Amino acid sequence: EMPKAETTNFPVSAFFGVVKPSGPTSMAVINDIKILVARSKLFVEASKVAKGKGKKVNPRARGEVKIG
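Counted from 1, the sequence shown has number 67 at position 67 by full-length UniProt numbering; the numbering is strictly sequential.
No lab work stands behind these hints, which were simulated from the structure alone.
All values reported here derive from a predicted model rather than from experimental measurement.
All C-beta atoms, glycine included, are put in the ideal place defined by N, C-alpha and C.
Just the calculated beta-carbon pair ranges, DEER-fashion:
hint: 1; residue 1: 14; residue 2: 47; range: 13 to 23 Å
hint: 2; residue 1: 24; residue 2: 1; range: 37 to 47 Å
hint: 3; residue 1: 47; residue 2: 19; range: 32 to 42 Å
hint: 4; residue 1: 40; residue 2: 2; range: 14 to 24 Å
hint: 5; residue 1: 29; residue 2: 1; range: 29 to 39 Å
hint: 6; residue 1: 25; residue 2: 66; range: 15 to 25 Å
Make a model of the complete structure from these sequences and hints.
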């Protein structure tokens with residue numbers, strides 16, 4: 001049985017691949033993923049997620065989420 005992760009282990013760093021469909025640019029796909037990750041409690045501290053609810057995510061904000 002797999003051990004369960006404790007919430008004290010968050011936020012996490014991750015490396016994952018994306019199979020991009022033809023059509024959208026790579027940068028458009030990265031920007032979409034960046035918005036999803038920035039709102040996730042898994043990759044960002046819960047206090048930062050709660051603080052940013054209802055606000056537009058600034059992709060150039062320092063110290064938030066690094067994707068590229």
